[in-house]
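Enquirer: The lines below spell out each chain.
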Amino acid sequence: MSDTTFARLDVFKTYKLYVGGKFPRSESGRVYEVTDAKGEWLANAPLGTRKDARDAVLAARAAVKGWAGTTAYNRGQVLYRVAEMLQGRREQFAAEVAVSEGIGPKKAAALVDAAIDRWVWYAGWTDKVAQIAGGANPVAGPYFNLSTPEPTGVVGIVAPQAGYGHSLLGLVSVIAPAIATGNTVVVAAAADAPLPALSLGEVLATSDVPGGVVNIISGRTADIAPTLASHQDVNALDLTGAIATDGPGAAPALEAAAADTLKRVVRPELDPFAQDWTNAPGTDRLLSFLETKTVWHPMGI
Amino acid sequence: MSTVAANAPGVAGSGLADVAASEASLRRFLHGLPGVDQVGLEARAASLGTRSIKTTAKAYAIDLAISMIDLTTLEGADTVGKVRALCAKGRTPDPTDPTTPRVAAICVYPDMVATAKDALKGTDIQVASVATAFPAGRAALRVKLADTADAVAAGADEIDMVIDRGAFLSGRYFDVFQEIVAVKEACKRADGSYAHLKVIFETGELQTYDNVRRVSWLAMLAGADFIKTSTGKVAVNATPPVTLLMLEAVRDFRAATGVQVGVKPAGGIKTTKDAMKYLVMVNETLGDDWLTPHWFRFGASSLLNDLLMQRQKLTTGRYSGPDYVTVD
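The listed protein sequences correspond, in order, to chains A and B.
Our numbering applies: residue 1 is where the first sequence begins, and numbers increase by one.
Our numbering applies: residue 1 is where the second sequence begins, and numbers increase by one.
For reference, chain A alone in the conformation it holds in the complex (with noise of 0.2 Å):
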């Protein structure tokens, strides 16, 4: 051993955003500062811009036909795959959580073990959700006449930013049911506590999740979510981070910018900060995202 000892350089880490498979940097070039709950600096994270936004969408669009178009079943094992890839990446995401939310080591774990729980239950949902959204019909006429449920396309989601265990478990029980039933999403990560989106970004790159079905972008929302809501060729809006009470980034806003463009629009709660995450979710966000396609079929033939 040697006397002269170095101090070993910790390697930064460079936070991008996760944009078709690939993780850019903000098309502006610029990044923002990520604090913890006492305003102590954390990270730099990409300021995504709306040219980013749009970027998520042209990527979103041409992942639809691919994700939409594998099985329930595959599409159940890849999300299973997500999960499986979160396990292994448990201490760096509580310790995300823990300075994200401002909460102790414990409870970020637990928060932590429940969002892959989550992610878990969803993965299971994708060959039953058929039975409870769709179904035969009974019809006067000698048809079989079923009902499927299709996926919507592409989902704007603007990522919950409040309520008990928003960062990640809140995080995954709005993207997870979205891209359970074969959507692709464009999400706008929360404003103040991105880093557990942008490592998650990081899990379903190597997952076997098809690049494009998922987007993350981190900035202000005020750019982000308008872009999103106005965007014809975003199918659905998913507002439940849309916590600001005026401005573009308002929920009234964007769901009158979507309204223009015939989205379907899942609201936010009445009082988003009241919001407990580790509440059993139910079925209502999977079901949120969908068309329903129903066909006519003669019988004895």
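These are computed hints drawn from the structure, not numbers from a lab.
Don't take every hint at face value.
List time: in silico DSS-like cross-link candidates among lysine-lysine, alpha-carbon distance up to 25 Å [what the hints assert, rightly or not]:
no., chain 1, residue 1, chain 2, residue 2
1, A, K65, B, K313
2, B, K188, A, K51
3, B, K54, B, K270
4, B, K184, A, K51
5, A, K16, A, K51
Based on the hints, put chain B in the right spot on chain A.
Expert: Relative to the frame of chain A, chain B by itself:
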């Protein structure tokens, strides 16, 4: 910067009339053309691609680009129904906005000319037909001439012929020249008028920029009304440097002879951004004289949808998507 105009033979007054009098004189002329500065050409093409075009200029460029499109379907699987649908799209590119201009032409295989002609009745949209054993051009001359005459007889307004690249690359320039002259003659209609002749070089197969310059002059000397980069059927299609080189050739040809020839890049132009780069090149190299559908065309199919989506964005303020244009 370009110095080609000053160097071009013929500019000094040495008439071009007898250049094609013999095999030897044609070869001497083509090999006497100045060599292409590859680095300079590519740098110039790249720098012209960096212009930013916004708001009203963008709206103008989009409409101009739409009106310059040769909307094309050249598949083995083309059907009468597909050609009719394409013609309907050419007539009314965006049914939600009647102010959208029409395309310049519909480009089809010879056997579909009659169908297209019928579907475009009452409009000024031209029917262009590929001919001369497109895309390979590997057939006997009499077959190529029959192919051309057939398309003209069916009512084609424009003929897109392919040159014999094999002959050109093996140095038989005179054969290529005579073939173009013969095809031009086959474009003659019963009433004595001529169908417009576009000559396709398939620049992706010509190997060098020098060859592209030579073939451009060769085709223009032989009487081409338009020179066109590619068939769209090989790996490398229209590129900005090749198109720029051809634009310079038509500029120099007009300076030398007074005859104006059109240019049509084709294949691989898919986005509004690409199309604008070409329009900038035309404007900077040739100026307003060529900025009309009569002298500049885009051979494309998917480009139109992207132009329409951008146009919708400008009129509605909302970004559009493929759900709002036709599937093609």
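Enquirer: With reference to the structure, classify each hint as holding or not holding.
Expert: Now for the hints, and whether the structure bears them out:
1. Restraint check: the Cα-Cα separation between A:K65 and B:K313 comes to about 24 Å, which is no more than 25 Å; the hinted pair holds.
2. Pair hint B:K188 plus A:K51 does not hold up; C-alpha atoms about 52 Å apart against a cutoff of 25 Å.
3. For the given pair, B:K54 sits about 19 Å from B:K270 by alpha-carbon distance, which is consistent with the 25 Å threshold.
4. For the hint pairing B:K184 with A:K51, the CA-to-CA distance comes to about 49 Å; that exceeds 25 Å, so the pair is violated.
5. Taken as a hint, the A:K16 and A:K51 pair is honoured in the structure, with Cα atoms around 15 Å apart against an allowance of 25 Å.
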